[in-house]
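Undergrad: Based on the hints, put chains B and C in the right spot on chain A.
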Amino acid sequence: MSTLNIVRRSLLASCAFLLVASLHAQERFITVASTTSTEQSGLFAHLLPAFEKAAGIKVRVVALGTGQALDMARRGDADVVFVHDKAAEEKFIAEGYGVKRQEVMYNDFVVIGPKADPAKATGKDILDGLRRIEAAKAPFVSRGDKSGTHAAELRYWKAAGIDLAAKKGDWYRDTGSGMGPALNTAASMNAYILADRGTWLNFKNRGELGIVVEGDKQLFNQYGVILVNPVRHAHVKQADGQKFIDWLVTTDGQKAIADYKIGGEQLFFPNATK
Amino acid sequence: MAEITNSLLLATDMVTAGDSRLAAIVALSLAVSFSATLISCLLGMPLGALLAVGRFPGRRVLVVIFNGLMGLPPVVVGLLVYLLLSRAGPLGQFGLLFTPTAMVIAQTVLITPIVAALTRQVIEDEWREYREQLRSLGASRTRAARTLLWNARFSLFTAALAGFGRAIAEVGAVMIVGGNIDGVTRVMTTTIALETSKGDLPLALALGVILITVVLAINAAAYALRQWAENRWG
Amino acid sequence: MTSTHWLELQGLDLRENGVQIIANATLKVGAGRTAILGPNGAGKSSLLRLMHGLLKPTGGRLIWPQTMTQSMVFQRPVMLRATVLANVDYGLALRGIPAAERREKAIAALHRVGLPELADRPARRLSGGEQQRVALARAWALEPQLLFLDEPTASLDPASSREVERIIGEMAATGTRIVMTTHNLGQARRIAEEVIFLDGGRVLEQTPVEEFFRRPQTTAAQAFLQEEAP
Numbered sequence: 001m002s003t004l005n006i007v008r009r010s011l012l013a014s015c016a017f018l019l020v021a022s023l024h025a026q027e028r029f030i031t032v033a034s035t036t037s038t039e040q041s042g043l044f045a046h047l048l049p050a051f052e053k054a055a056g057i058k059v060r061v062v063a064l065g066t067g068q069a070l071d072m073a074r075r076g077d078a079d080v081v082f083v084h085d086k087a088a089e090e091k092f093i094a095e096g097y098g099v100k101r102q103e104v105m106y107n108d109f110v111v112i113g114p115k116a117d118p119a120k121a122t123g124k125d126i127l128d129g130l131r132r133i134e135a136a137k138a139p140f141v142s143r144g145d146k147s148g149t150h151a152a153e154l155r156y157w158k159a160a161g162i163d164l165a166a167k168k169g170d171w172y173r174d175t176g177s178g179m180g181p182a183l184n185t186a187a188s189m190n191a192y193i194l195a196d197r198g199t200w201l202n203f204k205n206r207g208e209l210g211i212v213v214e215g216d217k218q219l220f221n222q223y224g225v226i227l228v229n230p231v232r233h234a235h236v237k238q239a240d241g242q243k244f245i246d247w248l249v250t251t252d253g254q255k256a257i258a259d260y261k262i263g264g265e266q267l268f269f270p271n272a273t274k
Numbered sequence: 001m002a003e004i005t006n007s008l009l010l011a012t013d014m015v016t017a018g019d020s021r022l023a024a025i026v027a028l029s030l031a032v033s034f035s036a037t038l039i040s041c042l043l044g045m046p047l048g049a050l051l052a053v054g055r056f057p058g059r060r061v062l063v064v065i066f067n068g069l070m071g072l073p074p075v076v077v078g079l080l081v082y083l084l085l086s087r088a089g090p091l092g093q094f095g096l097l098f099t100p101t102a103m104v105i106a107q108t109v110l111i112t113p114i115v116a117a118l119t120r121q122v123i124e125d126e127w128r129e130y131r132e133q134l135r136s137l138g139a140s141r142t143r144a145a146r147t148l149l150w151n152a153r154f155s156l157f158t159a160a161l162a163g164f165g166r167a168i169a170e171v172g173a174v175m176i177v178g179g180n181i182d183g184v185t186r187v188m189t190t191t192i193a194l195e196t197s198k199g200d201l202p203l204a205l206a207l208g209v210i211l212i213t214v215v216l217a218i219n220a221a222a223y224a225l226r227q228w229a230e231n232r233w234g
Numbered sequence: 001m002t003s004t005h006w007l008e009l010q011g012l013d014l015r016e017n018g019v020q021i022i023a024n025a026t027l028k029v030g031a032g033r034t035a036i037l038g039p040n041g042a043g044k045s046s047l048l049r050l051m052h053g054l055l056k057p058t059g060g061r062l063i064w065p066q067t068m069t070q071s072m073v074f075q076r077p078v079m080l081r082a083t084v085l086a087n088v089d090y091g092l093a094l095r096g097i098p099a100a101e102r103r104e105k106a107i108a109a110l111h112r113v114g115l116p117e118l119a120d121r122p123a124r125r126l127s128g129g130e131q132q133r134v135a136l137a138r139a140w141a142l143e144p145q146l147l148f149l150d151e152p153t154a155s156l157d158p159a160s161s162r163e164v165e166r167i168i169g170e171m172a173a174t175g176t177r178i179v180m181t182t183h184n185l186g187q188a189r190r191i192a193e194e195v196i197f198l199d200g201g202r203v204l205e206q207t208p209v210e211e212f213f214r215r216p217q218t219t220a221a222q223a224f225l226q227e228e229a230p
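Chains as they are written, first to last, in our numbering: chain A, 1 to 274; chain B, 1 to 234; chain C, 1 to 230.
Chain A on its own, in the form it takes in the complex (with noise of 0.2 Å):
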């Protein structure tokens, strides 16, 4: 009955890491929404150890686009979220799912494009930049998934004064996908795309695309933090989640952020009113 022997001890090894599995569960943590361009660009690989080893609290980011972000916390599954879309931010403090948001850092979106610029789009200003691809009808790859920087795609056509939904075409590419993913897209139909520039300096599949528009004031993107709210949601690690933010916001936190560089080049821009 060798079989069985080993269903036996096949059981007993499962059981031992379910076992310590759950144990681990035990560890003090918190669960922090967060956005793509966070984790992908590096940063939180670079910031979370500081904090971890400053308050003995684990942080578990499970990183997805502003939107799925924020409807995780809203279903109660994370105790912090730390995303970059304002206006969705203060939607969700409104519906009362958020205690209050505090500004933390910004960093800038630049658009890719490639580096032979078939629309002539190369400049500071990103309206203009951005009118100048439409009027080409140059490939443009959008995210398309309600992420915080396909928010801020679709304000910058909207003050560029293009209708999209009367302008999309062929042209205008839409992949619902995350911040890699669409450069990756962009990347191989060599198209513009508007990214985060931290994703961008951390993105090693390039292919013939560069930065092609930067330094708009507008460009400016700011990120917030919320600690989800316990009186919506009572099991929220309310005090953890309170230590993370208060840290970010503090000198310690801010430093940290700002020292985070990728090939010299500072990423995020710590902005916290005190």
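Bear in mind the hints are in silico, worked out from the structure with no lab data behind them.
All figures in this text were calculated on a predicted structure; none of them were measured in a lab.
There may be inaccurate statements among the hints.
Said to hold, decoys possible - Examples of chain B residues toward chain A, derived with CB under 8 Å:
#1 Ser20
#2 Leu22
#3 Ala23
#4 Ala24
#5 Val26
#6 Gly58
#7 Ser86
#8 Arg87
#9 Pro90
#10 Leu97
#11 Asp182
#12 Val184
#13 Ile192
#14 Ser197
#15 Gly199
#16 Asp200
We put the CB at the ideal spot given by N, CA and C, even for glycine.
TA: Frame of chain A; chains B and C shown alone:
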């Protein structure tokens, strides 16, 4: 082509360097998928055997349902389990979302139909061969199902392996219910997805090479065991 | 005809997919050793399975004056992927016999079929003849009052066949009633006391064995014996 060669070299480097984070990711992948496979076998094999041997109303309908569920899209399973385990969901109070346990649950839901359907096929063949003898000896249908499960143990290994293969290669469900949290729920497939997102295609492919190697090694071991068993037991 | 019978068939019918396999079989079985004979497709195996309960009749009925413990041995032995001993043990386990007692009985049965030294061998790895003897041991261990055999030597070589016949003879000698189908007329003569002759699903004769071979009453039986005679 150069990229693929690079990835192979990178994979070799990563393995020989004995990167502890890589080892932890591989170990978690194996532990999660192994647990899911085990639970699926405990649920799916008896079920498959009863579908093969049993006579009860709705049997044919169940057979068709389980065959159909073999093709369940992982993302749908992930979403379903997410909604169940979410704080706002019916099982929210247990706080299982974004834990390895949640991943085990999702993979179990995904592969139990596979294990059950393959088991049914195996046991149906066995039943054809053994039916008269077992009935003559006075075995009830449930007893016959048990006997044939034991009797077909080496063939059923293949069913378990098919489930395991699907579980460990799956990304959609574990991404949603695990959240791909670094050091907690990050497994091989979600790491590959993440590195692809970062545009680090050689690293993603290198991880893929490691995943395939692990799966191949397990299959080879299982194949060898089955050959040995067939030689021994006929 | 027999005065004390242990099984009576009354108008037994079996239809499968619109084909009449057994038609209106009415007889009493009382002999210690019965052979069911008949040409291919006569319904011999089906009749045996009806008696053993593996097939349900579509008409008529079987009457057992008293219940009898039964076993059956098939043309092709069906062994579990386990040792020889475990195969014999399995039948006993199904009867709810305690483990210690089972082992004793199983080993004794293997001795009776002359295979005690193969007890720990994987059963499916044995030769056809050895497997058939294990099947007989499995049946014998249950100490049945009635043993059905369906062409038990049809796939065996002459030496194995002789061994199987010897075992059947010994079981019969211990009081087990035997009902068997066979193609081997010599075997029927050696083993049986009585012959049930079937043709086209109908029972045409039920006679003592010597009488059947010397003076078959129906033309069908005469033709059958002529064709089968060497």
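Undergrad: If you take the shortest Cβ to Cβ gap from Ser20 of chain B to chain A, is it below 8 Å?
TA: 16 Å, violated
Undergrad: With 8 Å as the cut and Cβ atoms as the points, is Ala24 of chain B at the interface with chain A?
TA: 12 Å, violated
Undergrad: Using the nearest Cβ pair, does Gly199 of chain B come within less than 8 Å of chain A?
TA: 3 Å, holds
Undergrad: Mind checking the CB of Leu97 of chain B against every CB in chain A and telling me if the closest is under 8 Å?
TA: 5 Å, holds
Undergrad: Hold the hint about Ser86 of chain B up to the distance rule: shortest CB distance to chain A must be less than 8 Å.
TA: With a minimum Cβ separation of about 5 Å from chain A (threshold 8 Å), the hint on Ser86 of chain B holds.
Undergrad: Under the criterion of a CB-CB separation shorter than 8 Å, is Leu22 of chain B in contact with chain A as hinted?
TA: 15 Å, violated
Undergrad: Against chain A, run the beta carbon of Gly58 of chain B and see if the smallest gap drops under 8 Å.
TA: 29 Å, violated
Undergrad: Given Ile192 of chain B as an interface hint, is its Cβ closer than 8 Å to any Cβ of chain A?
TA: Given a least distance of 12 Å, the restraint on Ile192 of chain B is violated.
Undergrad: For the hint on Asp182 of chain B, just tell me whether its beta-carbon gets within less than 8 Å of chain A.
TA: Given a least distance of 7 Å, the restraint on Asp182 of chain B holds.
Undergrad: Per the CB criterion, is Asp200 of chain B less than 8 Å away from chain A?
TA: This interface hint holds because 5 Å falls under the 8 Å limit.
Undergrad: Would the hint on Val26 of chain B stand, with a C-beta cut-off of 8 Å toward chain A?
TA: 14 Å, violated
Undergrad: Using Cβ atoms only, decide whether Val184 of chain B comes closer than 8 Å to chain A, and label the hint accordingly.
TA: 6 Å, holds
The structure fails to meet hints 1, 2, 3, 4, 5, 6, 9 and 13 from the earlier list, while all remaining hints are met.
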